[in-house]
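Q: As a plain string of letters, each chain reads:
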Amino acid sequence: MYYYVINPAAGKGKINQVQEKLRTRLRELGIDGEFAKTTGPKDATKMVKMAIEKGYNTVVVVGGDGTVNEAVNGITKENVAVGIIPMGTSNFLAHRLGITGWQQACEVLAARRISSFGLIAAGQKYFLSTLTLGFETDLDKQVETAEGTSLTGRLGQFWQGWGHAQNYEPLSCKITIDNNLELEAPLFSLSITNQKFDHPLADNRLIVTLFDKPSQRQLTSYLWRVLKKDYIEDGFSRFGAKRVVIETTPPTGLMIDGQVSSRTPIAIRLTNRQIRFITEKPDTSFKSE
Amino acid sequence: MAKTDVFNVSSIDTVIGSGVKLKGNVSSDGDIAIDGALVGNIKSGGHVTIGINGRIAGTIHATSATIAGYVDGNVTAGDSVSIGESGQVHGDIDTGRLEIAMGATFIGASKMKPVVAAEVAERTEVSG
Numbered sequence: 000m001y002y003y004v005i006n007p008a009a010g011k012g013k014i015n016q017v018q019e020k021l022r023t024r025l026r027e028l029g030i031d032g033e034f035a036k037t038t039g040p041k042d043a044t045k046m047v048k049m050a051i052e053k054g055y056n057t058v059v060v061v062g063g064d065g066t067v068n069e070a071v072n073g074i075t076k077e078n079v080a081v082g083i084i085p086m087g088t089s090n091f092l093a094h095r096l097g098i099t100g101w102q103q104a105c106e107v108l109a110a111r112r113i114s115s116f117g118l119i120a121a122g123q124k125y126f127l128s129t130l131t132l133g134f135e136t137d138l139d140k141q142v143e144t145a146e147g148t149s150l151t152g153r154l155g156q157f158w159q160g161w162g163h164a165q166n167y168e169p170l171s172c173k174i175t176i177d178n179n180l181e182l183e184a185p186l187f188s189l190s191i192t193n194q195k196f197d198h199p200l201a202d203n204r205l206i207v208t209l210f211d212k213p214s215q216r217q218l219t220s221y222l223w224r225v226l227k228k229d230y231i232e233d234g235f236s237r238f239g240a241k242r243v244v245i246e247t248t249p250p251t252g253l254m255i256d257g258q259v260s261s262r263t264p265i266a267i268r269l270t271n272r273q274i275r276f277i278t279e280k281p282d283t284s285f286k287s288e
Numbered sequence: 000m001a002k003t004d005v006f007n008v009s010s011i012d013t014v015i016g017s018g019v020k021l022k023g024n025v026s027s028d029g030d031i032a033i034d035g036a037l038v039g040n041i042k043s044g045g046h047v048t049i050g051i052n053g054r055i056a057g058t059i060h061a062t063s064a065t066i067a068g069y070v071d072g073n074v075t076a077g078d079s080v081s082i083g084e085s086g087q088v089h090g091d092i093d094t095g096r097l098e099i100a101m102g103a104t105f106i107g108a109s110k111m112k113p114v115v116a117a118e119v120a121e122r123t124e125v126s127g
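Protein sequences appear in the order of chains A and B.
Just so we're aligned: the first sequence equals residues 0 to 288 in numbering that gives the first Met the number 0.
Just so we're aligned: the second sequence equals residues 0 to 127 in numbering that gives the first Met the number 0.
Honestly, the hints are just simulated from the structure, not real lab data.
Be careful, since some hints might not be right.
Straight-line distance between alpha carbons at most 30 Å, and here's what the computed DSS-like set of lysine-lysine pairs gives [stated by the list, open to error]:
id	chain 1	residue 1	chain 2	residue 2
1	A	K76	A	K48
2	A	K212	A	K173
3	A	K124	A	K45
4	A	K173	B	K22
5	A	K48	A	K241
6	A	K124	B	K22
7	A	K48	A	K36
8	A	K173	B	K20
9	A	K41	A	K76
10	A	K173	B	K42
11	A	K45	A	K11
12	B	K42	B	K110
13	A	K41	A	K241
14	B	K22	A	K212
15	B	K20	A	K212
16	A	K241	B	K110
17	A	K20	A	K45
18	B	K22	A	K241
19	A	K241	B	K20
The following label-pair restraints were derived from C-beta to C-beta distances [said to hold, decoys possible]:
id	chain 1	residue 1	chain 2	residue 2	range
20	A	E181	B	G107	23 to 33 Å
21	B	T104	A	E181	20 to 30 Å
22	B	N24	A	N271	37 to 47 Å
23	A	E181	B	G77	34 to 44 Å
24	A	G252	B	K22	25 to 35 Å
25	B	G77	A	W158	51 to 61 Å
26	B	G77	A	N178	23 to 33 Å
All C-beta atoms, glycine included, are put in the ideal place defined by N, C-alpha and C.
Build out the structure end to end from the sequences listed, making use of the hints.
A: Structure follows, in structure tokens:
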């Protein structure tokens, strides 16, 4: 049985425009279920916990990154599968799972390809896909980078980003890797992701990527990808780890799965907890249920 | 470049760029490329590349190694070691095949395994 957690405020109320069509499509695909709406922060966590107690083994989040993160924090059993119908202002996690829109998301749910991803702890918080800090995070605070922005809006964001990049001073960064390797570098931007999102057959592992300040020539494509919230993997340094401790001078904010959250210094580690996601990625390792 | 083939998916390459300082030991099942400074040892199940800006104070253990920077320590590579024209190795090298470019610096002893006749024939065939 499917339990749908709907955030009616996500994506500026986008769900309200498509709700009937969505329910019809889910019925057609034979994956209808119980629908419940959140009414405030942390509601999704409580609702998911209750749904699992009631015996639901599939939870589908209809919302954005914030709602998904709340829902994931309510998963108390490892046999529960989590699906996403992206409706938020930021749908970074859905995109990393290959889910691009609500109609395609319905097909993905019906196909039910499952893959487990290790939960990553960042201080007291947990996340699944990507943590960033440095220029990218700073830019997100300065510029509204919501999806669905018009081309004119995007160009405006781009020029704001261009100006911000010219004045951005790299951070002084120290990273302790797996308690035995210390790294020091000036840092324009940094990202940490679970390698499994890009290499579905691989084990869960943190991949830390460091970015140098892009040259004027590289800046155009870099900014465009940052504003589109694409995952960027071609940094100047990259290494794998199970645990990293990051310190920066000055301390700086972090973005976790598309949400601004927490600050340096921070310890980040891969936990033993796994979350089973219904994913689009057409890889033979995914088992259909 | 990350490896995506099904046989070696867990060995994402380690790349350390110039301007980065490392202290400790670096190990990976995959390839390692260092263009920064490392005080510590390198252990790789694949190929190790020390870039032109790379400065290593420690030993290197790998299948093969290409050195264009500075290494102060012993290098052990079962397959091959290549020192480029900008490369400097201050330490002993233990490897199957050794290539030293004109202008390279190698201060130390080299230890190589004898090449068996079949390998010589194979190499002659390939190059011929």
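Q: Taking the hints in turn, state whether each one holds.
A: Each hint tested on the structure:
1. K76/A / K48/A: holds (9 Å)
2. K212/A / K173/A: Within the cut-off at roughly 17 Å; holds.
3. K124/A / K45/A: holds (17 Å)
4. K173/A / K22/B: holds (11 Å)
5. K48/A / K241/A: holds (28 Å)
6. K124/A / K22/B: Distance of about 29 Å is within 30 Å: holds.
7. K48/A / K36/A: holds (14 Å)
8. K173/A / K20/B: Roughly 9 Å separates the two Cα atoms, so the pair holds.
9. K41/A / K76/A: holds (19 Å)
10. K173/A / K42/B: holds (22 Å)
11. K45/A / K11/A: Holds, at roughly 22 Å.
12. K42/B / K110/B: With Cα atoms ~19 Å apart, K42/B and K110/B stay inside 30 Å; holds.
13. K41/A / K241/A: Judged against 30 Å, a Cα distance of about 29 Å means the pair holds.
14. K22/B / K212/A: The given pair, whose Cα atoms are some 23 Å apart, holds under the 30 Å limit.
15. K20/B / K212/A: holds (17 Å)
16. K241/A / K110/B: Between K241/A and K110/B the Cα gap is close to 36 Å, so the pair fails against 30 Å, i.e. violated.
17. K20/A / K45/A: holds (27 Å)
18. K22/B / K241/A: holds (18 Å)
19. K241/A / K20/B: Roughly 20 Å separates the two Cα atoms, so the pair holds.
20. E181/A / G107/B: 23 to 33 Å: holds (28 Å)
21. T104/B / E181/A: 20 to 30 Å: holds (29 Å)
22. N24/B / N271/A: 37 to 47 Å: Given a distance of about 25 Å, which is not inside 37 to 47 Å, the answer is violated.
23. E181/A / G77/B: 34 to 44 Å: Check failed, 29 Å falls outside 34 to 44 Å.
24. G252/A / K22/B: 25 to 35 Å: holds (27 Å)
25. G77/B / W158/A: 51 to 61 Å: holds (54 Å)
26. G77/B / N178/A: 23 to 33 Å: holds (29 Å)
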